[in-house]
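Top line first, the protein sequences correspond to chains A and B. Using our numbering, read the first sequence as starting at 10 and increasing by one per residue. Using our numbering, read the second sequence as starting at 48 and increasing by one per residue.
None of these hints come from the bench; they were simulated from the model. Keep in mind the model is a prediction, meaning the values are calculated, not measured. There's no promise every hint is true.
[What the hints assert, rightly or not] Straight-line alpha carbon distances no greater than 30 Å define the calculated DSS-like cross-link-like pairs of lysine-lysine that follow:
1. B:K238 with A:K165
2. B:K98 with B:K166
3. B:K98 with B:K304
4. B:K51 with A:K165
5. B:K51 with B:K142
6. B:K698 with B:K688
[Claimed, not checked] Derived CB-CB ranges, DEER-like:
7. A:D53 with B:S236: 32 to 42 Å
8. A:E19 with B:A205: 31 to 41 Å
9. B:D59 with A:R36: 37 to 47 Å
10. B:E82 with A:R56: 55 to 65 Å
11. A:S116 with B:E597: 51 to 61 Å
12. B:A95 with A:D121: 51 to 61 Å
13. B:A126 with A:R56: 29 to 39 Å
14. B:D673 with A:R56: 35 to 45 Å
15. B:D318 with A:E19: 21 to 31 Å
16. B:D673 with A:R36: 29 to 39 Å
17. A:E50 with B:R387: 33 to 43 Å
18. B:A95 with A:D96: 50 to 60 Å
19. B:G168 with A:S116: 28 to 38 Å
We put the CB at the ideal spot given by N, CA and C, even for glycine.
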Amino acid sequence: MIDRFQAAAEAAGAVVGRFPTLAEAARHVRETTGGPVAASELPDAVRKALADLRFASPQEYRDVRFGLSFATAGVAATGSLLLELSDPAGRGATALPPVNLVFLTASTIVPDLQSLSGTLYRLLASHPSSYLSLTTGPSRTADIERVLTIGVHGPKELHILILEGE
Amino acid sequence: MSRKIIHQKINDAFLRRALGNFAAQYPAARARAFEGEDFEALRERISAARKESLRILPEMVQRFTEHAERTGAVVHLCADAAAARDTILEIVRQKGADLLVKSKSMTSEEIRLNHHLEKAGVRCLETDLGEWIIQLAGERPSHMVMPAIHKNRDEVAALFSRETERHCAPDIPALVEVARETLRDGFLSAKVGLSGANVAVADSGAIGLVTNEGNARLVTTLPRTHIALIGIEKIVPSLAEALDIVSMLPKNATGQKITSYVSFIRGPSGDGRELHLVLLDNGRSELARHPRFQEALKCLKCGACANVCPVYETVGGHVFGHIYVGGIGLVLTPFFHGDRNARDILGLCIGCRRCNEVCAAKIDIEGLILDLRERGKKLPAQKPLMGTFMRNRTLFHAALRAAYLAQKPFQGRDGRIRHLPLVLGCDTGNRSLPPIAARPFRDLARERVAAKPLVPGERGRVLFFSGCLADFVYPELCRDVMESLEKLGYAVVFPQEQLCCGIPARYSGETGIARDMARLNTEALLAERADHVVTICPTCTMSLKRDFPELLLGDPGRHARALELAGKVVNFSELAARSIVEIEAPGEGAAVTYHDACHLRRGCGVFQEPRAVLERIAGRPVREMDGHDGCCGFGGSYAFKYPEISYEILKRKLDSIAASGADTVAVDCPGCRMQIEGGLDGAGSSVRVEHTATLVAERLRGE
Ligand code: SF4
Ligand code: SF4
């Protein structure tokens, strides 16, 4: 399943890395980013592992290079990530920076969209309001001469960090 | 539609290449996207769900409204375009804004939102790349999914240079970057953002957005007020139906498995933000109650009907449509933008039914276009004359005989007609026409002697319905049909009372005449005992089988008789395929390539039978050509009404034929035969075009 997810995500233009532990994934993030990052809601454990990073304030998002988020689930058939983005600032963190880094726990990968419908249903109903996104690859357009171009208004790069051990 | 505009589009080299390339790539991309999925089952579910929702549309609106309001969203139900525009303007003003950032919304095109807001002093900024390009150009989308498909990089570079006041090179990645940088300020400074919605979910009050560029996320995130403009037909009962649509849309639209972003938005996202859901009726409730045309509201706006349309491929969306383009654009225009805008474009459909084959919501697009022609017909001068002619067999046939004499001066040495004087008002468009025969088949039929069956035992009694074109232009084809069937063991009769099948009348919107033809033909063809009624023109087949019972619905007795007749009607190749005999004939003949007539393949679902007949009875191996099921551009009177479009479509067919290397093209339709033969002759090709029946007859005669 992880292999299928990886193949589909790469076909959609994402960069996929697999990490045995959160600590190693965190180290990769630190090495990649260097400067401040924009982040949407992250589980406490992740925030702790990245405690030494500088998290930018939403006003800075426009100039920040990296956005960081944590996926609720993955879809193997299409290489998609389910992101809960109900907090507008967190949404901005996935939309404005040119590079997105997303953690995904391997055990949350489901085979196809249909198998995700229960989760979607639950998430849509659980809060008074919600913003769910299935994200597949970086942003793209083919609006000029049908030539596929990666990175229009959203991220130009999408890196998926699969946590295999947890 | 003016000839001048059509001419201009046909001669727009970039447009032609762009549409041609896309049309060539789309079917394979689409097939790949649907790999492992059951398209038919998916569209069946979508169609059924849409139908049910339309039936209870007011209830759906109410359910959605209730649930959406519970999330803290404000719902505005707007009866018409003006009400929706005023509501949106009011929200923008309340926020003290003078800028509205927009992501793609066809519904906002429908109500011409930008135009009206700009007049009221609110600047609208389209952020979808394609929409921004056409906004800068001051044009309207030429495709529902790819709005700027008609623009090339040089034009885009010029528009961007003008807008940004600096030089932008015609380099696509660089142009995309210019859009990213330039539009950022808009996103960050706007107080109000407007999106459309691909779907709205009744039981949660959520809306779904299916996008690629990421601009919708910015539009729905950075401004603190989000307005979503939603046609009320987009409401589905629950997430299950929404997911079907999400899974269908990108695959059918552009051959993508899934888009980069699929978002479900339910309620405003806290901290004093606002979400306004503007539900647009604009005639939808009324249309949803219409017994026939309500079907059009099932549309998901995927654009596939344009992607496969040979006319769209030739002239683009600025001709083939109004605001909504492609096949469904022709259907929706009269309802949303008035009969005046629809009148010109309804005639542009050639009736090939490719759109029906791919429609995500299983809409009978071609049938709706036909019915709308009837509704909008305005031909008072022609009507009485045409009616008298068509209903009166003697008069109609006498006129055709007179035409035989009139054509004499224009015939070339081989009898074909290559130039008609312009006073006749029709242009052959680089094709030659076959002459009207000296003696129609109906005369020859009286004198002919039946051929002996090749194998003993009678298979059944057949009535042969030839159709006008074969009767008057290809009498030798009619002879081949009767002879082949007789040799295959049938007793064949040509009923002299048969008339035109009524399709030309129906295609020109003259349903009254078509109904009379249905009545008279039903009587004529049921007067004699028969097991089968054999046709050689699939358009006649569709008329006899599908249209006659429909046309006679108002009269239960006649309707029942039409159904009885419909049960007997078969295409020549279908019956021949059931009667394959082992014949002794020397070796195999030369390979042929096969052209699938639109109405045979998509109208009757017949495409294996003629191939089997060609290989196993006619002894001709079939060498498939690329695009074997693409339209030839004939479409009956279409070829004369829009000769340029017809010829452009034909050219693609001629190229495929040439590339196949076969020296004969087999087809199961006299109309396609006439069109392809004329095109090949005009191009000086020696490839021969024959009806399958003729190739069968040749083999059975031992030729
Ligand atoms: S029937 Fe053919 S020509 Fe007419 S709209 Fe459909 S695809 Fe286009
Ligand atoms: S009519 Fe069918 S094919 Fe055309 S846009 Fe609508 S759903 Fe798509």
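For each hint, the structure was consulted:
no. : hint                           : in the structure
1   : B:K238 with A:K165             : holds, 26 Å
2   : B:K98 with B:K166              : violated, 38 Å
3   : B:K98 with B:K304              : holds, 26 Å
4   : B:K51 with A:K165              : violated, 44 Å
5   : B:K51 with B:K142              : violated, 47 Å
6   : B:K698 with B:K688             : holds, 17 Å
7   : A:D53 with B:S236: 32 to 42 Å  : holds, 35 Å
8   : A:E19 with B:A205: 31 to 41 Å  : holds, 37 Å
9   : B:D59 with A:R36: 37 to 47 Å   : violated, 56 Å
10  : B:E82 with A:R56: 55 to 65 Å   : violated, 41 Å
11  : A:S116 with B:E597: 51 to 61 Å : holds, 57 Å
12  : B:A95 with A:D121: 51 to 61 Å  : violated, 22 Å
13  : B:A126 with A:R56: 29 to 39 Å  : violated, 50 Å
14  : B:D673 with A:R56: 35 to 45 Å  : violated, 58 Å
15  : B:D318 with A:E19: 21 to 31 Å  : violated, 37 Å
16  : B:D673 with A:R36: 29 to 39 Å  : violated, 54 Å
17  : A:E50 with B:R387: 33 to 43 Å  : violated, 54 Å
18  : B:A95 with A:D96: 50 to 60 Å   : violated, 38 Å
19  : B:G168 with A:S116: 28 to 38 Å : violated, 55 Å
Checked against the numbered hints above, the structure breaks hints 2, 4, 5, 9, 10, 12, 13, 14, 15, 16, 17, 18, 19 and satisfies the rest.
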